[in-house]
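**Student:** Reconstruct the complex from the two isolated chains, following the hints.
The listed protein sequences correspond, in order, to chains A and B. The C-terminal residue of the first sequence carries number 529 in the UniProt record's numbering, and the numbering is unbroken. The C-terminal residue of the second sequence carries number 130 in the UniProt record's numbering, and the numbering is unbroken.
Calculated directly from the structure, the hints in this document are not laboratory data. Please read all numbers here as calculations on a predicted model, not as lab measurements. Don't be surprised by glycine CBs; every beta carbon is placed ideally from N, CA and C. All clues stand as given, with none of them false.
The following residues of chain A were derived to be distant from chain B, with all beta-carbon distances above 10 angstroms: (1) 16; (2) 197; (3) 255; (4) 363; (5) 376.
Using 27 angstroms as the maximum straight-line C-alpha spacing, the simulated DSS-like pairs for lysine-lysine come out as follows: (6) 90(B) with 26(B); (7) 70(B) with 102(A); (8) 90(B) with 70(B); (9) 106(B) with 382(A); (10) 287(A) with 251(A); (11) 137(A) with 452(A).
Quick list of the computed label-pair ranges, beta carbon to beta carbon: (12) 25(B) with 250(A): 57 to 63 angstroms; (13) 51(A) with 30(B): 57 to 63 angstroms; (14) 429(A) with 88(B): 36 to 42 angstroms; (15) 229(A) with 104(B): 27 to 33 angstroms; (16) 88(B) with 51(A): 50 to 56 angstroms; (17) 491(A) with 66(B): 55 to 61 angstroms; (18) 54(B) with 429(A): 35 to 41 angstroms; (19) 126(B) with 225(A): 34 to 40 angstroms; (20) 50(B) with 429(A): 31 to 37 angstroms; (21) 102(A) with 87(B): 35 to 41 angstroms; (22) 226(A) with 66(B): 33 to 39 angstroms; (23) 246(A) with 129(B): 41 to 47 angstroms.
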Amino acid sequence: MDVWSSLMDGFATALTPMNFLYAMIGVILGTAVGVLPGLGPAMTVALLLPVTYALEPTSAFIMFAGIYYGGMYGGSTTSILLNTPGESSSVVTAIEGNKMAKAGRAAQALATAAIGSFVAGTIGTALLAVCAPIVVKFAVSLGAPSYFAIMMLALLAVTAVLGSSRLRGFASLGLGLAIGLVGMDSVTGQRRLTFGQPLLADGLDIVVVAVAIFAVGEALWVAAHLRRTPLHAIPVGQPWMGRSDWKRSWKPWLRGTAFGFPFGALPAGGAEIPTFLSYVTEKRLSKHPEEFGKGAIEGVAGPEAANNAAAAGTLTPMLALGLPTNATAAVMLAAFTSYGIQPGPQLFESQGPLVWALIASLFIGNLLLLIINLPLAPLWAKLLQLPRPYLYAGILFFATLGAYSVNLQAFDLVILLILGALGFMMRRFGLPVLPLILGVILGPRIEGQLRKTLQLSAGDPAGLLGEPIAVGIYVIIAVILLWPFAFKLIRRNTPVAAPAGGAAALAREADDAVHSNHDAVYSDHKEQP
Amino acid sequence: MTVVVGYVPTPEGEAALTQAITEARKNNSTLVLINSSKGEAAVDTRFAPEGGVQDIERRLAGEGMQYVIKRPVRGHDAASEVLDAAEEHKADLIVIGLRRRTPVGKLIMGSTSQRILLEADCPVLAVKAG
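So that you can see chain B by itself, here it is in the shape it has in the complex (with noise of 0.2 angstroms):
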């Protein structure tokens, strides 16, 4: 069984790490992580810190769980990303995290979750932060 959590170093992101925890402890699923960035800006404030990988991966040995950390700069987009890692390892369930977007945000940006929610083959878990 494997769970796979797309992870941002932010409230959102916390929430979809602590529910994909719970979830994969539920019945001893591999989480798989996935922390990417399409590599384009200087600076990617969504592209988790080395110390906060580390941090992560500390309280993920804690839990004594299998635990996959993927950090794929490839150029692709976050939703992509996603979706590669549930097909390549099968997953049983995608967490990830919601944020607020108004209308025109998500109309400029698009939506890395509407993605994943209409693309998945496999259940997808939408927590929200706090």
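The shape of chain A in the complex, shown without the other chains (with noise of 0.2 angstroms):
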């Protein structure tokens, strides 16, 4: 079957009314927690794992899949109104989009983020949908060392690469790739990292370590934090545009979206890079530069378009390969898995239809997006008064009825109530959480893969290498790895080389925007006195 025809039966998959239904909860769901700071849709997707019991599989990821377009929409909305980004992917957009609220057009920096997230999402989607079947296709004929390689990458980036310190990446990484350790060798039958407790020999269920980390970890650390001094919402009336907003914001949109697509599509992506990179080069071209800084529309424009076709960008590894790139991606992995659908290139052959269903229903979502967020936009922005203790509570609840209902046993309570601990001790102390969940989902996959291929090879570790494009990966993670201390070196060789590449004075550009920003996104964790 070729792409168009998979596509339409997905279409009809995905319309049915039930499922329509799903697509409708999830898109608002996650316009909900993506306009409410410090909730996103990793957390929503992972208080949901356990509903996937009593869900079939299409609607679950239907549900999903609208959960994670909607919080990318939801996250603007707040950037824009509040100057707090809800998600990491909006911090660039409320540079320039706070300052347009502040200068009266609130209305029209929310219009383009949300036609712009409209536009980027359907060409991210469409691209996803032609790309992931060549992917697939290439990817079938990979073996265990060059799969080996592969996460080995993903992980390594995503930790060395995204985040400001890479020893804190990595002590995550290691924290994650521990607790996925734990439980009965799966070839050896060895019982590890059990503490003779029987009831961890099977290892810890995903669904409580993803509940942990992300609900009661944040539950936790909000509740030490619960006091803040209000932040005031700029009043907005329904989001429009004039005929000079489109004019200039159609090219950043286009621009926003082929940024977005291929970093979100690399194993170490993420939607951050982009969006910088797309603010950067719109400050560049744009025709009024002098406005920026002071809340210029292209800097909405583009950087918006990039995260969420950066979105749309990171479910092609995850589909095609079976490889998350972000928190959101990795839990609904983790669906998959308990659902018993093994993820990987053999998923568009095995769960055809099921595949190509949340394609399409990724489509109607987007679209549903546009429908909500156009018009109710003064209504969303009047969540950020719910009062959080009750927010919180309710939390909570979900949070423990979820982990309880796994297993129906009260000691994965007691591990829900010591990972969360952990989720709060990391955001105390400023450990990423990403590299925890795909050390956790990632790790014994990583490690499968490794047995496998010393199983092959007998033992002997040349095995690794037996793949061409294993050995070219193992390159491209030296060349990560040692970066910056080889950037080091040539910096300190070539000190007055400042003026040298167009490249450079980007990074430094865009460097300049995070950080002057920073505040901005860290004021939300910061305690008041």
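**Tutor:** Dropping the structure here:
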């Protein structure tokens, strides 16, 4: 079957009343959690994981996809109206978006963000539908050594490239891998890290781990910082754009999409880097450079398009290779596993209807999001007036219920609390959560590929280099790991080569943009006297 | 002499503030303005924005009166903050604004004014908007 007919079948499945209803629930929930700072799609999907036991897989994934895309839309509303990015990928949106809102152009900022997200999301999803099968064709030819290398790349790249501190990233990854190790060894049946506790022999349930780290950890963290000086949301009417706004927005949307999708699709992409790149590019190409820093519409249109395109891009390795590169994709992958569906290149083959219904639902979700976001933006902003104690009490309740419902054993609640305390500590000491969750989810699968490789080569480590692609990937890994040191050396040797290249200047500019807005992000997590 | 006013950026709050200024000027009292938030929601529309507070400061300074502006965010409700301030500053008068509440709304949300009226140790002047 070719892409087109598969996709049409997907639409037929996704448009059944029941699935459409789940898409609707997904986008509404997603927008809501996107709007609220501190809550995100990853936490929401984690909290809803236990639902998967009652729901048909297709409906569940349609709902999760709606939450994922909805979170991206909602995040921009908070960025623009509050200057508090709801998500790390909307940090850049806040730079110009909040300035626009302060200048009385909140309606236009919200409109360009929503329509730009729609354009980028639709193009990104189309690219996903086209690219994923190609990646799959390529991926089925890969053997265990290549898989092992690709997964290593994803883990190391996410840990080393994203986030501010490599040390913290690797600490978090180590914790994740350790949690993933708990339980019976699949080959020899040895017990690892079970501390003589028979209930640990089956390993830690991913639902419990995800709920503990995302929901309980965040709830404890918020409880420790419950009272903060309230912020002021800039009042907003109906989002709309004038003719000149359209004229200034459409090119940044397309350029943002072009940045976002490839970065999202890379194993180490993430949505942050393309938003910075898009911002810097728009600043350079703009016919109104004097407006940047005072509320330029291009600075909202580009990054918003970039983060939605990256969201679509992220789903490419997730569906085609079973390789998640952000937290939400990781938790969605866990959902596949809990249905007993094996993620990886065989997914399109074995679960074709499900995957195509998921992709079709992304198109539908995008349209729904545009419809519910444009006219209802003022209503979403009202959500910010919810008192946190009620919100987090509810989250803790559902977290506990969810963790208990997995195996109906009280022991899981103990694990939930311990790992929740770990999640709290990680937030306290600035450890990123993403490497941990990737470590937990990818760790056992990496180990599986490693064991397979070594069994095939009879224990000879040279077997790891048995495929040319694997060797190539190890070279990339080495570059990623050694790059900062090399960079430092080059800098030391050529101290006056500052205006050397556009790229370096670009990187520096992006860096400045990030740092100037870092306060905005972290003010949310700062203690108030 | 001290007058405590519970202020919120609404017509009722403005009416209370205007009345409080009049009362304070009568016998040269110090005006203590309380605008509090529990600080539990990301956005609280009843917590005056920075710009609004500056406007009030300018207005009070223009009146040439002694004033204290307090904006506590301690997780206490508005009634407790006003009563605390009244006690601390030994208030002779508390001025508050009343808004219309349906019986059901009052049942669910409780009433800040009612608590202040019942629990204050000094006279309470309740004003309506407009």
